[in-house]
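Here the protein sequences line up with chains Y and Z, keeping their order.
The working numbering applies: residue 1 is where the first sequence begins, and numbers increase by one.
The working numbering applies: residue 1 is where the second sequence begins, and numbers increase by one.
No lab work stands behind these hints: they were computed from the structure.
Where hints are given, some of them may not hold.
[Stated by the list, open to error] Taking beta-carbon pairs under 10 Å as the criterion, some of the chain Z residues facing chain Y (in silico):
1. A42
2. R118
3. F119
4. W198
[Claimed, not checked] Derived lysine-lysine pairs resembling DSSO-like cross-links, with alpha carbons at most 27 Å apart:
5. Y/K94 <-> Y/K72
6. Y/K94 <-> Z/K277
7. Y/K72 <-> Y/K191
8. Z/K177 <-> Z/K277
9. Z/K177 <-> Y/K94
10. Y/K94 <-> Y/K221
Heads up, the beta-carbon is just placed ideally off N, CA and C, and yes, glycines get one too.
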Amino acid sequence: METPPAAAIRARNASKLFLDGAVVAFRQLDLEVRTQEILCIVGPSGCGKTTFLRCIAGLIDLSAGDILVAGKAVSGPPDSVAMVFQHFGLLPWKTVYQNAAFGLAMAGASRETIRDRVGHYLDLAGLSGFEQHYPYQLSGGMQQRVGLVRALAINPAILLMDEPFAALDAQTREILQNELLELMERPDERKTMVFITHSIDEAILLGDRVAVMTARPGRLKEVIEMPFGRPRDPEAVRSDPRFAELRAHIWHQLHTAPKRAAKTREVA
Amino acid sequence: MTVQSADPTVTLDDSAEREGVERENARRAATNRRWRRSAENAVIRIVSLAIVLGLWEFFGARVDPVLFTTPSAIARAAVTMIGSGELWTYLWPSLVVLFLGLTTAAVAGVAIGLLLARFRVLDVALGVYITFLYSTPSVALVPLIVLWAGFETTAKVIILFLFAFFPMAINTYQGVKNVDPRLLEVGRAFRCSERQLWTNIILPGALPFIVTGLRLAVGRGLIGMVLADLYTAISGIGYLIVRTASTYQVDKMFVPIVTLGVLGVTLTALLRLLELKVAPWTAARDQD
């Protein structure tokens, strides 16, 4: 009905309450994710951003409102969506190769397809030679690369990233951020991406837009366009004066939210 | 109020090589330490064994041979009993019972454990009996089984089954229930069917629990085996203990006892190896 192709994901009045309504994860959320954009959602822990992502992924149901993925209301995990988890979510009894092939194998892809696609992405992620290793033999950064390969291999239209780099050390995190940016510049890898993070820097660096969420009850405070185009040079972005401004602005947004909200910027 | 921007300190350029060397050194040091530790342990065990056996030999020789014996006498008895085939004659039927009882208990235990974990109705309907029977000392049921099944192999297999079944079933059930919910979510996110979820995530996740159940079952199964022999008392290694004891051949009596000990230790060690084999990731976690 209303602007079908532009929005890859559309949340309308979406609310999620837990424990018979005693705990509000988020309430009356309206959000549009444009096709092929990277939308970062930043917020403190407990603001319901991860719950929101799980609702898009069809892993949990909304309490009210709806979420449309590719124009269709979500009920159960949609076909065009793949998820990358904060805890990596690799199966310890499968090798790197088997883990990377997991999504394709579950979808019943042929052996050849799996070999081509998984091989391609393992190569891109610098994991060639580690195919027969088990996850516990890899560093955290490499494990998450496998998680990313597993998601990319099914060629999803939408990539849902649930704080994928939060469990990594600072150096590794930066390296993976850069790699992800580089990958998304490739014309054949452009995807719609929703990237959950609690790091303001990460959100500004990666996002085309940044959605700021505040906690208790989880609510969308502001959606900000990032002024940095693509391709993006992470070093240039980090040293851009606008980076610091945005950073301060978002920080302020997050920290004035619950206590001193009434004064200035309550967005109802 | 102000937050420092995370200043990227990327000055460790030469670190890749050095890190490799350092990691190699650390690994070597750890291997060394582990090796030295296990060598120490071996020496301590040997010394301890020598002292205990020596004391036993010394004091055992001063006790009436009708009541007690010495390690050297046991060793001599073992040589004759193995040479004459006597030990084997009694051990073999017990091993058959052990094998049959453990296999049926393992198969049935895993099956029941999985069914209870999968189907809530079965869980609620049958859980009470399992808890009740598991809490009841299995020994209490032995006379009933003898009454029903007699003194032959069948009765013994049933007794052994009774001892070994519950740890198998309960561990399998717990294994399924303890599968990491985050991994189940991964399965759902990648649109696993129910069958795919079981074969790819739940069963492999439960496997370490199942092997632990098997280890417990072997321990309890050995108890059941000897108990069945003692109670029915016409064959098996337990009967050999009863017979030699009632004829005051204490040195010969210790031979089946030691055999049982060796059997238990061997089976448990084998299952530990199996555990490492089926779930190497848990072993890696233990090492750190």
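Here is what the structure says about each hint:
1. A42: violated (29 Å)
2. R118: Interface hint status for Z/R118: violated (20 Å vs cutoff 10 Å).
3. F119: Result: violated, 22 Å to nearest chain Y Cβ.
4. W198: violated (13 Å)
5. Y/K94 <-> Y/K72: violated (34 Å)
6. Y/K94 <-> Z/K277: holds (13 Å)
7. Y/K72 <-> Y/K191: Status holds; Cα separation ~18 Å.
8. Z/K177 <-> Z/K277: Roughly 22 Å separates the two Cα atoms, so the pair holds.
9. Z/K177 <-> Y/K94: Roughly 20 Å between the alpha carbons, so the hint for Z/K177 and Y/K94 holds.
10. Y/K94 <-> Y/K221: Violated: Y/K94 and Y/K221 sit about 42 Å apart, past 27 Å.
Violated hints, in rising order: 1, 2, 3, 4, 5 and 10; the structure is consistent with all others.
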